[in-house]
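*Asks:* Sequence:
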Amino acid sequence: MAQRKIVVGVLILSGAAGLYGVLSRLGYVTPVSALPSVLCFDGCLSAEAMHKLPAEKGLLNGDAALTSLLGTDTPNKQNISVLIEKAKYRLTIYDDRQPIKSYPIVLGSAPTGDKLREGDRKTPEGIFRIRDLYPHESWSKFLWLDYPNKTSWRKHLAAKRSGKLDLSATIGGEVGIHGVPEGNDAWIDARQNWTWGCPSLKNKDIDEIYNVVQVGTVVEIVP
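Position 21 of the sequence shown, counted from 1, bears residue number 21 in UniProt numbering, the numbering being contiguous throughout.
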């Protein structure tokens, strides 16, 4: 009898673990690996701003080639980082924390406010990293961000606790920086917020940026 209870218990635990894994992949619950940080077992430290905002009101060095500004065709990608200012519709490339060049961007069709759930069409705010980058068949290039990260999960769960989100809401994912469908650069000039939450640039601009960033490059997104 005792052995049977042990077997039943193991089966129940295995089933629960499998169900949790499925719910995690669907975005309903926090991945197990992120639980200590999300629940602040290792201390919840607020992320500090990494970049000093450019002094220019418009686009910094918008007409100059990025490699010319960096002084090389093969920059040290470890020194490159990205700042996105949502209110200014501006993305700026930094080299060793110094602003080098800015580009015009557009956002999701709900351009203000932080992303808290799947389908809200908002652009997430915070400090992220590029988890992958690759050519895209529709939008030239795609710089895939690590949303949701641990901070994203804390915001999502806090919104559920406060009643701001339904308990059934999922956190979403697949957020990245990309271009536009071929021939639609005018969307950027017109500030036509057409995406589901991803920052979008002209194709020539995302192509230029693609050559100086790498997996792990920091991307800071501010309101």
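Hints in this document: simulated from the structure, not taken from any laboratory.
Some hints here could point you the wrong way.
As the list claims (entries may be wrong) - Have a look at the derived ranges for each label pair, beta carbon to beta carbon:
no.: 1; residue 1: Lys77; residue 2: Lys204; range: 16 to 22 Å
no.: 2; residue 1: Arg97; residue 2: Ser138; range: 20 to 26 Å
no.: 3; residue 1: Tyr134; residue 2: Arg161; range: 22 to 28 Å
no.: 4; residue 1: Asp73; residue 2: Gly163; range: 52 to 58 Å
no.: 5; residue 1: Asp96; residue 2: Glu174; range: 36 to 42 Å
no.: 6; residue 1: Arg161; residue 2: Gln192; range: 31 to 37 Å
no.: 7; residue 1: Arg191; residue 2: Leu53; range: 15 to 21 Å
no.: 8; residue 1: Thr112; residue 2: Leu53; range: 37 to 43 Å
no.: 9; residue 1: Asp96; residue 2: Asp166; range: 29 to 35 Å
no.: 10; residue 1: Lys57; residue 2: Ala110; range: 33 to 39 Å
no.: 11; residue 1: Asn79; residue 2: Arg131; range: 18 to 24 Å
no.: 12; residue 1: Gly119; residue 2: Thr67; range: 37 to 43 Å
no.: 13; residue 1: Lys57; residue 2: Gln98; range: 28 to 34 Å
Stated by the list, open to error - Simulated pairs of lysine-lysine, PhoX-like, Cα-Cα distance not exceeding 20 Å:
no.: 14; residue 1: Lys77; residue 2: Lys57
no.: 15; residue 1: Lys204; residue 2: Lys160
no.: 16; residue 1: Lys52; residue 2: Lys88
no.: 17; residue 1: Lys160; residue 2: Lys86
no.: 18; residue 1: Lys86; residue 2: Lys52
Ideal placement from N, C-alpha and C gives every residue a C-beta, glycine not left out.
*Asks:* State the violated hints by number, sorted upward, taking the hints as numbered earlier in the document.
*Replies:* Hint check: 2, 3, 5, 8, 9, 10, 13, 14, 15 and 17 fail, others pass.
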